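> The sequence shown begins at 19 in the numbering used here and counts up one residue at a time.
The set of hints was computed from the structure by calculation and includes no laboratory data.
Every value quoted in this text rests on a predicted model; they were computed, and no experiment measured them.
Don't take each hint at face value.
Claimed, not checked - In silico lysine to any residue, SDA-like type, Cα no more than 25 Å apart, as pairs: (1) Lys236 - Ala224; (2) Lys236 - Gly259; (3) Lys236 - Gly226; (4) Lys236 - Ser253; (5) Lys236 - Thr304.
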Amino acid sequence: MPHPDPEELSLLALYKDWEDGNTRDHLQVCPECAADFAALRRTVEAVKTPPETGRLEVPGPQVWEGIHRELGLSESVHGDPLAGVREHYATSRPGWAPGQAAAGEASGDAPTSGHEVRQAEPTAERESLAEPVSLQDRAASRPAKRRSAAWWQRPGPWMAAAAAAVLVTAGAVWSLNQAPRPLAEADLAPLAQFSAAGSARVVESADGSRALEVRLSKDEAQGYQEVWLIAPDLSRLVSLGVMNAESGTFQLPAGLEISEYPIVDVSDEPVDGNPAHSSVSIARGTLAT
19 MPHPDPEELS LLALYKDWED GNTRDHLQVC PECAADFAAL RRTVEAVKTP
69 PETGRLEVPG PQVWEGIHRE LGLSESVHGD PLAGVREHYA TSRPGWAPGQ
119 AAAGEASGDA PTSGHEVRQA EPTAERESLA EPVSLQDRAA SRPAKRRSAA
169 WWQRPGPWMA AAAAAVLVTA GAVWSLNQAP RPLAEADLAP LAQFSAAGSA
219 RVVESADGSR ALEVRLSKDE AQGYQEVWLI APDLSRLVSL GVMNAESGTF
269 QLPAGLEISE YPIVDVSDEP VDGNPAHSSV SIARGTLAT
């Protein structure tokens, strides 16, 4: 049964009622995909859970200024998005300052309505309330419970954030699954009159194909560099190809056993049309798993 792609796992993690029986069945028998799905579900649950806003500290305006400066944002978003939040708490809670938590709202202490204040005030003060007030003053004295919910209290943004987080996590999982897996490595040491050193490693792709990655500190060939895999007794060898630079990647034959050809050899080959090894090796090393 083929592994589900990241998109299928993401949809299944976002929507519990997503109809995809094949993927669900696969998760029951594939520990690797089940672990990826569990990571996606944890991401969804973490992002969809609204924070306890009563315990959150509202930062000062310098925080957004620093973010805006470090990210190089445009002037169109220069305004502090939390300015309205600070204005709300500064108006409704005398003595509050940026950096303090909104503990009053978290504990359920609702702001006293204007009607309740007028009932508790003496007659002389009630008469003063009849004086005209500006629209700005009316807005400031309006009960907080009539204000629209802050952006982090609305469900829409949290769903979008959850979807974005799942896509990012799925992309990371997919990248890890697609990254070549190292199977064996070797240090390449210079031979005879040469000084170039380097490394080699065998990697396996997600589709099962294997490749040898070779790097040398410099190209010292008088003719051209050719990469070989050689048997331990030097009686058999396989040419992988020409390396025209200080590094190269060479596909391994499907049936080749690394244990039978563990020696990596980079030779100096003359341009003479002879396909055999020149017997002049620049660098050599043995693969270790």
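> Does each hint hold? Answer for all of them.
We went through each hint and held it up to the structure:
Annotation: proposed proximity of lysine 236 to alanine 224 is violated, straight-line Cα distance about 31 Å (limit 25 Å). Between the alpha carbons of lysine 236 and glycine 259 the distance comes to roughly 18 Å, so the proposed pair stays at or under 25 Å and holds. Distance hint between lysine 236 and glycine 226 is unfulfilled; the C-alpha atoms sit about 31 Å from each other, more than 25 Å. Taken as a hint, the lysine 236 and serine 253 pair is broken in the structure, with Cα atoms around 28 Å apart against an allowance of 25 Å.
Between lysine 236 and threonine 304 the CA atoms are separated by roughly 20 Å; this keeps the pair inside 25 Å, and the hint holds.
Hint check: violations occur at hints 1, 3 and 4; the rest are consistent with the structure.
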